[in-house]
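Sequence order for the protein chains is A and B.
Its first residue numbered 1, the first sequence is counted upward by one per residue in our numbering.
Its first residue numbered 198, the second sequence is counted upward by one per residue in our numbering.
Keep in mind that the hints were calculated from the coordinates and are not lab data.
Note that this is a predicted model, so its numbers are computed, not measured.
All C-beta atoms, glycine included, are put in the ideal place defined by N, C-alpha and C.
Hints should not be assumed to be uniformly reliable.
Over 10 Å on every C-beta distance to chain A, these chain B residues come out as not near it, computed from the model [as the list claims (entries may be wrong)]:
#1 A204
#2 A212
#3 A222
#4 A239
#5 E279
#6 D286
#7 I319
#8 G329
#9 E363
#10 A367
The calculated SDA-like cross-link candidates involving lysine to any residue, where the alpha carbons are at most 20 Å apart (straight line), are [said to hold, decoys possible]:
#11 A/K105 to B/V234
#12 A/K69 to B/A280
#13 A/K69 to B/F226
#14 A/K105 to B/G210
#15 A/K69 to B/I207
#16 A/K105 to B/F226
#17 A/K105 to B/A204
#18 A/K98 to B/E350
#19 A/K69 to B/V234
#20 A/K69 to B/L219
#21 B/K269 to B/A280
#22 A/K105 to B/V228
#23 A/K69 to B/V228
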Amino acid sequence: MTGAMTDFLLILISTVLVNNFVLVQFLGLCPFMGVSNKLETAMGMSLATTFVLTLSSVCSYLVYSALLKPFGLEYLQTIAFILVIAVVVQFTEMVVHKTSPMLYKLLGIFLPLITTNCAVLGVALLNIKKQNGFVESIAYGFGAAVGFSLALVLFSAIRERVAVADVPIPFRGAAIGMVTAGLMSLAFMGFAGLVQF
Amino acid sequence: MTTVITAILILFGLAVVFGIILGYASVRFRVEGNPIVDQIDALLPQTQCGQCGYPGCRPYAEAISNGDAINKCPPGGQSTIEALADLLDVEAVPLDAEHGEEQAKTVAFIREDECIGCTKCIQACPVDAILGAAKQMHTVISSECTGCDLCVEPCPVDCIDMIPVETTIANWKWPAPAESRNLNLIATDRGRGELQHQEAH
């Protein structure tokens, strides 16, 4: 039991900090740059992504191990996973729309946009590549989502401050955003070697 | 050959299962809501004046979608009636005089030296456009005021005037684009295109 718990924690720390999907593996950069202008929207996006990423990670693992592997159809994983992700996103949108209109309004356009978040597909594919089991897949998906949220929320908080700072004119807008993201990425690279995983 | 067929079957089966799940979800999690009410509400002037006999514009929009008459809105006037008739595909009728007459747009103005600070107009205002506190002078935020006249009646010292707003260069605005289904965007270019087309031949 303790072994399983340690594994779980290791995966979490590894995906959140050491191998952060956005800042170290450079996946899911579009929402990272796109919705980080305001802290509020960034939090909404993080919430939606966390939910979808965890769920789609599990679902794609199930589809792979129960359907593709027994029939020797591993080469179909990409198209199958895209299908799974699209369905999970659509399903989530329906459920959220029904159960919590407030949250639905808050998430707005970000919910369907998650379909094209490459971190979601990346997690599904990496689960297979790393030969993660069922529980490990959950942990990996959740950890990746928490890492994504952490990076996105931190970045949007920085950008809100940068917006009122006296930035030289040629650097304003996207340029200073890119510089900031690069510096954050450097900072996160500092976690390398924290966990040997 | 069999591998190809299995692959196609598996993917097809996966898609069918997902389709069934989504189909079930769309029925199970159907959201109650009437889009026509939103469209009607968008056409109403949002004065929240209650002259139609309903407490606000949205209740009137709901009433219209349930079959109420479309000519009960004096602030909107004939143009609103025509827009509603167009939307609902019914005959445009003249404004029902029972609910009031169409007037030019007005805003409330409080003669501030006469105001006794009773807060009665604040409670009457449907859009929170009046600012003030008890025994303090009140004033109207003219950009928020919809000109609904509801504050005139409760004022015990009759210090509220309704001032008609004339359209000047300073406050003229583009009319909001109609939410029409077939907008002829850039209408002036249509004739020109045909002309060039003919010249080319």
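Verification of the supplied hints:
1. A204: violated (5 Å)
2. A212: The assertion about B/A212 is violated, with a minimum of 7 Å to chain A.
3. A222: Since the minimum Cβ distance to chain A is about 5 Å, B/A222 lies within 10 Å and the statement is violated.
4. A239: holds (18 Å)
5. E279: holds (32 Å)
6. D286: It holds; B/D286 is separated from chain A by about 29 Å at its closest Cβ, greater than 10 Å.
7. I319: Non-interface label on B/I319 holds, nearest chain A Cβ at 29 Å vs cutoff 10 Å.
8. G329: holds (32 Å)
9. E363: holds (39 Å)
10. A367: holds (31 Å)
11. A/K105 to B/V234: holds (19 Å)
12. A/K69 to B/A280: This hinted pair is violated, its Cα atoms lying about 60 Å apart.
13. A/K69 to B/F226: violated (33 Å)
14. A/K105 to B/G210: violated (34 Å)
15. A/K69 to B/I207: holds (11 Å)
16. A/K105 to B/F226: holds (16 Å)
17. A/K105 to B/A204: Outside the cut-off at roughly 40 Å; violated.
18. A/K98 to B/E350: violated (43 Å)
19. A/K69 to B/V234: Judged against 20 Å, a Cα distance of about 51 Å means the pair is violated.
20. A/K69 to B/L219: Distance ~25 Å between A/K69 and B/L219 Cα, so the pair is violated.
21. B/K269 to B/A280: Distance ~13 Å between B/K269 and B/A280 Cα, so the pair holds.
22. A/K105 to B/V228: Within the cut-off at roughly 13 Å; holds.
23. A/K69 to B/V228: Distance of about 38 Å is beyond 20 Å: violated.
Hints 1, 2, 3, 12, 13, 14, 17, 18, 19, 20 and 23, counting from the list given before, are not met by this structure.
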